[in-house]
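With the sequences and hints as input, model every part of the structure.
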Amino acid sequence: MGRSNKSGKTFTRRDFVKATGAAAGALTAATILPSRGNAAKADRIIIGHSQEPVQYNPLLYVNRGTENGPESAMFDALWDMNEKGQFVPNLATEVPSIENGRVSEDGKTWKIELKRDVKWHDDQPFTAKDVAFTYETIMDPKTAVRSRSGFDLIDGLKVVDDHNVEIVLKEPYTPFLWSWQEMHIVPMHILKDEPDINTSAFNSQPTGTGPFKFKSRTAGSHIVFERFEDYHRGAAKVKSLIQKTVPDTMVLYGQVKTGEVDYMMTSLPYDRWDEAAALPDRAFVELPLPWVQFIYFNCGKPQFADPKVRKALYMACEMQKSLDDIYLGRWKRTLSYLHTSHWAYNHDLKDETPNIELAAKMLDEAGWKVGADGIREKDGHKMKFTMSTTAGNTARQGCQALFQQNWKAIGVEMEINNMPGSVVWGEYTTKSQFDTLLVAWAPIVGMDPDYTARCHSQYIPAKHGQGSNYVQYENAEVDALLDKGAITVDRAERTKIYGEVQKILLDEVPFAPQGGVFGGFVMDKGLTGVKPNQYVTDSTWNIQDWSWS
Amino acid sequence: MLQFILKRLLYAIPLLIGVSIIGFALMHLAPGGPLGVYTLNPTVSVQDIERIKVIYGLDQPTYIQYMRWAGNMLVGDWGNTFFGGRPVLIVILERVPATLLLAGLSLSIAILLGTGIGMLGAVQRYSIFDYLATTGAMFALSFPTFWFGLMAIFVFAVEMRWFPSGGMFELGEEGNVLDLLHHLVLPTVVLSLVIVATWSRYSRSGFLEVIGQDYIRTAHAKGLSNRLVITRHAFPNAAIPLIALLGVQMPFLFSGALVTETIFGWPGMGRLFVDALTMKEYPVLMGLMMFTAVFVIVGNLLADIGVAMVDPRIRLEG
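Going down the list, the sequences are from chains A and B. Sequential numbering of the first sequence, starting at 1, is according to the numbering used here. Sequential numbering of the second sequence, starting at 1, is according to the numbering used here.
One or more of the hints may lead you astray.
[Claimed, not checked] With the C-beta cut set under 10 Å, the calculated list includes, among others, these residues of chain A facing chain B:
#: 1; residue: Asn-203
#: 2; residue: Ala-219
#: 3; residue: Gly-234
#: 4; residue: Leu-252
[Claimed, not checked] Simulated pairs of lysine to aspartate or glutamate, DMTMM-like, Cα-Cα distance not exceeding 20 Å:
#: 5; chain 1: A; residue 1: Lys-108; chain 2: A; residue 2: Asp-196
#: 6; chain 1: A; residue 1: Lys-215; chain 2: B; residue 2: Glu-173
#: 7; chain 1: B; residue 1: Lys-53; chain 2: A; residue 2: Asp-196
#: 8; chain 1: A; residue 1: Lys-239; chain 2: B; residue 2: Glu-173
#: 9; chain 1: A; residue 1: Lys-431; chain 2: B; residue 2: Glu-174
#: 10; chain 1: A; residue 1: Lys-215; chain 2: B; residue 2: Glu-159
#: 11; chain 1: A; residue 1: Lys-41; chain 2: B; residue 2: Asp-179
#: 12; chain 1: A; residue 1: Lys-142; chain 2: B; residue 2: Glu-94
#: 13; chain 1: A; residue 1: Lys-239; chain 2: B; residue 2: Asp-59
#: 14; chain 1: A; residue 1: Lys-257; chain 2: B; residue 2: Glu-50
#: 15; chain 1: B; residue 1: Lys-53; chain 2: A; residue 2: Glu-427
#: 16; chain 1: A; residue 1: Lys-41; chain 2: B; residue 2: Glu-174
#: 17; chain 1: A; residue 1: Lys-503; chain 2: A; residue 2: Asp-483
#: 18; chain 1: A; residue 1: Lys-142; chain 2: B; residue 2: Glu-173
#: 19; chain 1: A; residue 1: Lys-257; chain 2: B; residue 2: Glu-170
#: 20; chain 1: A; residue 1: Lys-41; chain 2: B; residue 2: Glu-173
#: 21; chain 1: A; residue 1: Lys-431; chain 2: B; residue 2: Glu-50
#: 22; chain 1: A; residue 1: Lys-41; chain 2: B; residue 2: Glu-50
#: 23; chain 1: A; residue 1: Lys-239; chain 2: B; residue 2: Glu-174
#: 24; chain 1: A; residue 1: Lys-215; chain 2: B; residue 2: Glu-174
Since the hints were derived computationally from the structure, they do not count as laboratory data. On a predicted model such as this, the values are computed, not experimentally measured, just so you know. Note that beta-carbon positions come from the ideal geometry of N, C-alpha and C, so glycine has one too.
And the structure:
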């Protein structure tokens with residue numbers, strides 16, 4: 001059998017190997033193409049994120065940062081927040097204030113006039129009915145709306161005519177401007193007949209009034225937006241915007257270096273900042289992000305009921321060292337829930353950490369004496385507790401290890417108990433089941449200094465079913481100050497009020513501030529018009545002004 | 001044969017129901033839930049979260065949630081995602097081609113290469129080739145896939161710029177086959193590497209066992225050439241356990257390669273699974289689980305049929 005094969009075969013095994021080799025070679029040559037010249041570059045901007053936006057309806061769930069991109073590209077709010085911390089008009093002709101007569105003296109009636117030349121992406125005119133519809137949808141119990149913060153204070157919203165809206169509030173609320181800045185307006189003519197907005201096709205193929213129109217989405221890869229020629233603030237400078245998803249941060253960084261991505265929207269790991277800042281043709285921006293990292297003390301637990309104990313625990317922590325060693329000095333120390341660069345930050349606050357001797361003395365005075373096992377105790381309670389945060393966050397684990405050591409030195413035992421994000425930030429947090437947390441949180445209403453939901457005694461969800469005062473902090477003086485701050489309009493006056501709140505919070509430490517979070521972002525040096533803005537979570541807030549130099 | 005297939009498919013029904021019940025129960029027993037992600041958004045209050053819970057039906061007892069899900073599945077409704085409300089079936093199906101391409105290509109290449117290497121290693125046992133193959137396999141198995149992936153990107157994408165560092169197509173080149181091949185090279189090589197390593201070990205030991213059998217010695221004694229002994233007598237026998245193994249590997253085509261897909265930004269099912277797991281997207285997780293379960297069943301069925309075809313001793317009876 002073998003012999004007959006040998007004699008009759010003209011295509012030998014050797015030939016086969018040769019042919020396969022040649023084919024493989026040709027294929028390899030064809031696929032190793034030289035990097036393509038980017039002729040289209042002037043016409044498009046590619047932004048890169050490590051996460052993929054899952055939906056684009058501005059009323060529903062938002063993964064801050066990731067979904068803000070498509071939102072600010074396709075939608076508009078009544079007004080925006082600029083990089084100086086000022087509100088600037090967008091769909092409204094003017095930002096309402098008492099001075100311009102659009103807010104009544106008692107702060108309850110708001111008159112909003114809308115621009116007349118605004119069109120939706122499908123050429124339909126934008127009117128006051130869209131604003132009313134957006135509000136009604138937010139308040140509709142069937143809508144899985146992401147937040148009603150501020151909107152629940154509205155007593156009535158009246159459409160005066162096509163371009164005027166009048167809102168009456170139940171009580172004056174200064175941060176109300178932020179509520180609308182964070183909420184983009186959706187089209188009534190498309191959504192009014194939608195049986196269920198939560199599953200509407202609109203959520204993945206929306207129509208907005210923003211500078212870019214939705215063009216296409218390639219699942220798991222990228223979204224393409226196209227310039228909206230009739231944009232009311234003037235057509236965007238570039239023809240298309242592409243939001244790319246590159247899940248691995250280091251690969252994303254590689255792509256911004258090779259030019260496959262123009263702007264890396266995910267913050268770079270801290271150890272790469274120096275390298276990134278030295279890259280030729282790339283600009284590197286360090287920006288305060290809205291978050292401040294805290295140790296949260298659950299005041300409802302016997303160990304933390306006494307403010308003196310909390311203060312002592314705070315004083316024992318090497319806060320500055322944690323920032324220098326773990327966050328490589330990129331984060332800045334802050335003593336309140338605001339960054340030191342925020343207009344309302346109280347600069348009279350003094351950093352008293354670390355002071356181990358004083359901390360130990362304060363615990364002694366509070367009645368917590370060192371027991372036989374070296375751990376402090378009082379009335380049968382041991383000074384032992386857990387600290388939780390998202391498992392796998394190595395930087396936070398480093399902080400926990402440091403604080404654990406600091407506390408051990410004063411006879412306090414802390415056990416690290418980290419859990420997956422969906423566990424630790426679920427009912428474990430919202431029902432105040434934790435001992436302590438290590439967590440970074442942004443202010444409640446945009447970047448307004450109002451902190452009612454986080455530390456007002458009526459906002460403890462475990463007791464009153466509302467708010468986010470998870471530490472269960474109660475202080476009548478703070479309550480009164482927060483109530484006053486929410487209705488005070490004058491900025492100097494508000495600075496004073498919130499300065500006092502920050503002082504009391506630092507004395508009683510329901511949450512111990514560690515540091516203000518900073519991010520490092522890399523972009524092509526040729527990009528112009530980019531305005532890094534510490535007051536908003538969307539880096540693309542002014543995307544219509546971006547272009548290539 | 002037909003009766004056998006029908007019978008196996010019938011058995012699959014209670015199996016799938018069991019899998020779905022256990023999966024659903026485990027998912028809900030695990031602490032935490034899809035609403036945890038809302039807590040990190042400071043403007044979301046506890047009232048907001050309670051309201052959203054009712055809208056998604058998460059306030060209902062688990063068995064009612066399961067009955068609802070199962071009832072919908074029976075009529076072909078896979079449900080909608082919590083975040084964005086998109087139909088789950090579409091969310092899954094739009095990821096299938098990418099994973100099928102990458103995993104299928106890697107698996108085919110790896111199995112051909114792996115079997116070849118294992119075979120040669122077994123035939124020329126203790127030769128330089130055998131030692132090299134064994135060492136190579138140990139090397140490939142000892143390093144994590146993400147390391148190979150990052151190194152490949154660093155060397156061939158960032159430094160030499162021969163290949164793109166990720167994604168499936170260059171922007172604007174969607175549908176261009178050459179561009180797709182260009183993007184496929186690095187992830188395929190990285191993914192194949194580990195499979196080649198394991199597969200070459202399987203096939204080497206499989207062949208070694210077969211080569212030692214009496215009938216091989218008989219074949220040699222008959223005066224057959226070495227090549228014929230290997231291809232005609234040793235290969236089909238050594239292939240039997242490998243085919244069964246292949247059946248078990250089938251679901252890999254769909255569950256995808258988590259690490260490789262993440263490193264190379266490959267828009268496949270593996271990443272969908274990771275994302276859904278992070279967000280606790282129950283409907284997507286259930287959908288993916290059912291998908292994978294079906295393919296485990298089908299893969300094993302195909303493997304059984306394949307083995308029966310290769311091995312005349314096995315008869316499939318109903």
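The hints, checked one at a time:
Proximity of A/Asn-203 to chain B holds as hinted, the smallest CB-CB distance being about 5 Å (cut-off 10 Å). For A/Ala-219, the interface hint holds, the least distance from its beta-carbon to any beta-carbon of chain B being 4 Å, beneath 10 Å. About 26 Å separates the beta-carbon of A/Gly-234 from the nearest beta-carbon of chain B, more than 10 Å, and the hint is not met. The closest approach between the C-beta of A/Leu-252 and any C-beta of chain B is roughly 8 Å, which is under the 10 Å cut-off, so the hint is satisfied.
Annotation: proposed proximity of A/Lys-108 to A/Asp-196 is violated, straight-line Cα distance about 33 Å (limit 20 Å). For the proposed pair A/Lys-215 and B/Glu-173, the alpha carbon gap of about 15 Å is at most 20 Å, so the pair holds. With a CA separation close to 16 Å, the supplied pair B/Lys-53 and A/Asp-196 stays within the 20 Å bound. Annotation: proposed proximity of A/Lys-239 to B/Glu-173 holds, straight-line Cα distance about 17 Å (limit 20 Å).
Note on A/Lys-431 and B/Glu-174: the hinted pairing is violated, with a Cα-Cα distance of about 48 Å set against a maximum of 20 Å. Among the hinted pairs, A/Lys-215 with B/Glu-159 is inconsistent with the structure: their alpha-carbon atoms are about 33 Å apart, more than 20 Å. A threshold of 20 Å between alpha carbons decides the hint, and for A/Lys-41 with B/Asp-179 the separation of about 19 Å falls inside it, so the pair holds. With a CA separation close to 29 Å, the supplied pair A/Lys-142 and B/Glu-94 exceeds the 20 Å bound.
In summary, the hint linking A/Lys-239 to B/Asp-59 is not supported, as the alpha carbons are separated by about 46 Å, beyond the 20 Å threshold. With a C-alpha separation of about 44 Å, the suggested pair A/Lys-257 and B/Glu-50 falls outside the 20 Å cut-off, and the hint is violated. Distance hint between B/Lys-53 and A/Glu-427 is fulfilled; the C-alpha atoms sit about 12 Å from each other, no more than 20 Å. Restraint check for A/Lys-41 and B/Glu-174: satisfied, since their Cα atoms lie roughly 17 Å apart, inside the 20 Å limit.
For a cut-off of 20 Å, the pair hint linking A/Lys-503 to A/Asp-483 stands: about 16 Å separates their Cα positions. Distance check on the hinted pair: A/Lys-142 and B/Glu-173 sit about 41 Å apart at the alpha-carbon level, beyond 20 Å; violated. For the hint linking A/Lys-257 to B/Glu-170, the alpha-carbon distance of about 16 Å falls within 20 Å, and the restraint holds. For the hint pairing A/Lys-41 with B/Glu-173, the CA-to-CA distance comes to about 14 Å; that is within 20 Å, so the pair holds.
A C-alpha spacing of about 12 Å is found between A/Lys-431 and B/Glu-50, which places the hinted pair at or below 20 Å, so the restraint holds. Proposed proximity of A/Lys-41 and B/Glu-50 is contradicted: the alpha carbons are some 47 Å apart, above 20 Å. Between A/Lys-239 and B/Glu-174 the CA atoms are separated by roughly 19 Å; this keeps the pair inside 20 Å, and the hint holds. For a cut-off of 20 Å, the pair hint linking A/Lys-215 to B/Glu-174 stands: about 14 Å separates their Cα positions.
Going through the hint list in order, the structure does not satisfy hints 3, 5, 9, 10, 12, 13, 14, 18 and 22.
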